[in-house]
Amino acid sequence: MKSHRKELWFETRERRKLINITPQVEQVLSESGIKEGLLLCNAMHITASVFINDDESGLHQDFETWLEKLAPEKPYEQYHHNGYEDNADAHLKRTVMGREVVVAVTGGRLDLGPWEQIFYGEFDGKRKKRVLVKIIGE
Amino acid sequence: MKSHRKELWFETRERRKLINITPQVEQVLSESGIKEGLLLCNAMHITASVFINDDESGLHQDFETWLEKLAPEKPYEQYHHNGYEDNADAHLKRTVMGREVVVAVTGGRLDLGPWEQIFYGEFDGKRKKRVLVKIIGE
Amino acid sequence: MKSHRKELWFETRERRKLINITPQVEQVLSESGIKEGLLLCNAMHITASVFINDDESGLHQDFETWLEKLAPEKPYEQYHHNGYEDNADAHLKRTVMGREVVVAVTGGRLDLGPWEQIFYGEFDGKRKKRVLVKIIGE
Chain C
3 MKSHRKELWF ETRERRKLIN ITPQVEQVLS ESGIKEGLLL CNAMHITASV
53 FINDDESGLH QDFETWLEKL APEKPYEQYH HNGYEDNADA HLKRTVMGRE
103 VVVAVTGGRL DLGPWEQIFY GEFDGKRKKR VLVKIIGE
Chain Y
3 MKSHRKELWF ETRERRKLIN ITPQVEQVLS ESGIKEGLLL CNAMHITASV
53 FINDDESGLH QDFETWLEKL APEKPYEQYH HNGYEDNADA HLKRTVMGRE
103 VVVAVTGGRL DLGPWEQIFY GEFDGKRKKR VLVKIIGE
Chain B
3 MKSHRKELWF ETRERRKLIN ITPQVEQVLS ESGIKEGLLL CNAMHITASV
53 FINDDESGLH QDFETWLEKL APEKPYEQYH HNGYEDNADA HLKRTVMGRE
103 VVVAVTGGRL DLGPWEQIFY GEFDGKRKKR VLVKIIGE
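Protein chains in written order, with this note's numbering: chain C, 3 to 140; chain Y, 3 to 140; chain B, 3 to 140.
Calculated directly from the structure, the hints in this document are not laboratory data.
Incorrect hints may appear among the rest.
Since the list gives no way to pick out one identical chain from another, each pair is judged satisfied if it fits inside one copy or across any two copies.
Pairs of lysine-lysine residues, derived as DSS-like cross-links and limited to a Cα-Cα distance of at most 30 angstroms, are as follows [what the hints assert, rightly or not]:
#1 K8 to K71
#2 K4 to K128
#3 K4 to K19
#4 K4 to K76
#5 K71 to K37
#6 K76 to K37
#7 K128 to K8
#8 K71 to K4
#9 K37 to K128
#10 K76 to K8
#11 K4 to K37
#12 K8 to K130
#13 K37 to K8
#14 K131 to K37
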């Protein structure tokens, strides 16, 4: 069994941002030389997400509106977590979107459906944060 | 390390439908000959879900009502994604329900709790769509 | 390839409770002797969750308030599932929080970000319930 590990770093100018990281994840898989196995890709921070969906800008606007409805950023004082912080909403938004994805590796490629793309979802940006890619297989 | 891959195909007559796929997934595991490992089961489409919950029809009605409350199908024009599409709600519903499950394989069986059943959740049906099963182990 | 399996048992006095299980999961990993691989940790019950977030009591109060808003416990009769049960809300709350986490194992340790902690989320407690830890690797 082989394994491979790499961190990807992100720093967004916006508080919230969705970034298609499929090319970077494919690159990490390529470096690993693993042909058959499983790839884990997770946010290492609890106010960010890694998820799979469509790379369509209208949908990304819909995610923003929808997450603000389910877990609004403001007023900050509605959340107990926001005594010293202002990012409670980011913890909740990331919970909806998910921490991680596990993707099959087949023939040395990410075994994704036709529209599946891997995204980093930042919900409390403007600082450096990491995504972990870990691959095991042969 | 062994690995095994299979696609399961679904085509529902309804826009939304929950299908218990535990028997099919167990069949794939049996074909693989893998006794100890991890099994990934994911929707290959971004308007469908694979999740684990109870096979109880009342609960399934509750999921339908609840998802329609959290991310209503109509009016279609409330979503930016619905310029050429009408399925933005399906992307959001699938996000709540999740893309994938990872299940332990122990002694050649799905290592599930007493009421755990694996479901395909279709939120934009009436066309052929796929689920991927990938198993690694020994 | 090595594999290791262990069940963790919980019985809460409260209906809902979040428990930091990171030390127990680390202990299971240590027992396994596995240095590189993937660790699956999942609730074996469909009214409970395993998730990763911050161990901060204010945030945990926010989760309680938020989940009660998204999927209120009462009135019980609002849910079809509650003919013989009263826990439909727990199925929905667990769906939001997720069934499982997959964590990378690197150098014999849980490969977590600085604030990532693993939680058992109980949404229908007062009885014995299980969490499964399954690790594969080398």
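Structure-based check of each hint:
1. K8 to K71: neither (35 angstroms within a copy, 38 angstroms between copies)
2. K4 to K128: For K4 and K128, the Cα distance exceeds 30 angstroms both inside one copy (35 angstroms) and across copies (41 angstroms).
3. K4 to K19: Neither. Shortest intra-copy (33 angstroms) and inter-copy (39 angstroms) distances fail the 30 angstroms Cα cut-off.
4. K4 to K76: Neither: 46 angstroms inside a copy, 48 angstroms across copies.
5. K71 to K37: The answer is neither: 42 angstroms in one copy and 43 angstroms across copies each exceed 30 angstroms.
6. K76 to K37: neither (46 angstroms within a copy, 43 angstroms between copies)
7. K128 to K8: within (22 angstroms within a copy, 40 angstroms between copies)
8. K71 to K4: neither (44 angstroms within a copy, 45 angstroms between copies)
9. K37 to K128: For K37 and K128, the Cα distance exceeds 30 angstroms both inside one copy (36 angstroms) and across copies (34 angstroms).
10. K76 to K8: Close neither inside one copy (35 angstroms) nor across copies (42 angstroms); limit 30 angstroms.
11. K4 to K37: both (10 angstroms within a copy, 12 angstroms between copies)
12. K8 to K130: within (16 angstroms within a copy, 36 angstroms between copies)
13. K37 to K8: Result: close both inside a copy and across copies, 17 angstroms intra and 16 angstroms inter.
14. K131 to K37: both (29 angstroms within a copy, 25 angstroms between copies)
Violation of the numbered hints given earlier is confined to hints 1, 2, 3, 4, 5, 6, 8, 9 and 10; the remaining hints are satisfied by the structure.
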